[in-house]
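**Student:** In case you want the letters, here they are:
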Amino acid sequence: MAHEHPQHDPEHGHDHGQDPPSDIALRVKALESLLVEKGLVDPAALDAIVDHFETKVGPRNGARVVAKAWSDPAYRERLLADATAAIAELGFSGAQGEHMVAVENSATVHNLVVCTLCSCYPWPVLGLPPVWYKSPAYRSRAVIDPRGVLAEFGTELPAETEVRVWDSTAEIRYLVIPERPAGTEGLSEAALAGLVTRDGMIGTARL
Amino acid sequence: MNSVHDMGGMHGLGSLAPEPDEPVFHHDWERRVHAMVIASPTRGNIDAGRHQRELIPGADYLRMSYYEKWLTGLCAMLVKGGAVTAEELASGRADPAAAKATPRLRPEMVTPALSTGGSYQREVAAQPAFQVGNRVRAVNINPTGHTRLPRYVRGRSGVIERAHGAHVFPDVHAHGGGEDPRHLYTVRFSARELWGPEAREGDSVSLDLWEPYLERA
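If you're matching them up, the sequences are chains A and B in order.
Each residue of the first sequence is one higher than the one before, starting from -14 at the first, in our numbering.
Each residue of the second sequence is one higher than the one before, starting from 8 at the first, in our numbering.
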């Protein structure tokens, strides 16, 4: 199992608010030892959970869903009608994706997903959320100033585009289907999937 | 509860600072916290877990990183649920007199369990009170316990845009009152209704709200 000293990772200047207490890695290690000693968790199961989130789920899954929706009109219809079932056709399902809804961007509508109350996010198709998605800045602003948030991501929308924000307050999870970029008519589904980004499927970016 | 976690519409909470090529986890301890939360015997009630994090005092909630909040919530849930005593948590040593448990998740169960999840939808006898297209108003309530009705929509009117059947009701489930499934709807509010005339005409915010949060408008 990897050890990590010190707490600070000098290669990442990310904003976590203030730094965590210097003993947090030791506290976590002590807690894991206690839970293992008491038979409450199996350390090999913890390794398997980490592996699941680092290698089995992530935005490449969602990208395959979007690329198929772009390529296959019947699949797009199924995705819009019952996203949970349509996403399961590609083998993606489970925790934090039990009740999926797909919302489609168009020339006149742009969708943006947030969870103002915590950090709900569709794990099977997007993996775990980035730090900014969980940050007070995003959670507070996405609903009141979506255009300002989009601008901070470098996403400028035409004034006439309608912005639709989806605040994930229940166990419904949202996946944005971005607009298919122009000039991609001849591309295969696999090549199209390579164009789809995580932020495009949250709605903070256009492709 | 009206704590700082209910932050939709607040100003002054910092900048977005997206990180290019962000890793899934930044520190090994974050991996272990995430995995322990998933594997812990307390995971059975996701609503109680969310509420536990809301109970973190506001100043700490804003200071802590995401996984510090998860760690804090996990420790509190373990003690509350009786899986671990406060003394064991402080000392890091199991009480030798305590019986040894059996882990809920074996390694080979992890991917099947995470890939299956668990539906929150339940069959109920009650017919839904609202239908798609109905105008509704979010009730003005200020419960001191868990709720998923954010302050920024209380008292505001919107339109039912989707009906999802009955889902486990967090306000009751989080407090050990059983699942108490209630009809759930996606309700669309115009940005002007929520934020006033400065908001852009045509923009909207949709939330998933349970029937007890709604009345006919």
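No lab work stands behind these hints: they were computed from the structure.
None of these values were measured; they are calculated from a predicted model.
There could be a bad hint or two in this list.
Derived lysine to any residue pairs resembling SDA-like cross-links, with alpha carbons at most 25 angstroms apart [said to hold, decoys possible]:
| hint | chain 1 | residue 1 | chain 2 | residue 2 |
| --- | --- | --- | --- | --- |
| 1 | A | K53 | B | T123 |
| 2 | A | K23 | B | A55 |
| 3 | A | K119 | B | R161 |
| 4 | B | K107 | A | R12 |
Going by beta-carbon spacing under 10 angstroms, a handful of chain A positions derived as facing chain B [claimed, not checked]:
| hint | residue |
| --- | --- |
| 5 | L75 |
| 6 | G79 |
| 7 | A176 |
| 8 | G179 |
Take a look, some chain A residues computed to stay more than 12 angstroms from chain B by CB distance [said to hold, decoys possible]:
| hint | residue |
| --- | --- |
| 9 | D27 |
| 10 | K53 |
| 11 | R126 |
| 12 | G133 |
| 13 | V134 |
| 14 | L172 |
Beta carbons: idealized from backbone N, C-alpha and C, even for Gly.
**Student:** Are any of the numbered hints broken by this structure? If so, which, sorted upward?
**Tutor:** Those not satisfied are hints 5, 7, 8, 9, 11, 12, 13.
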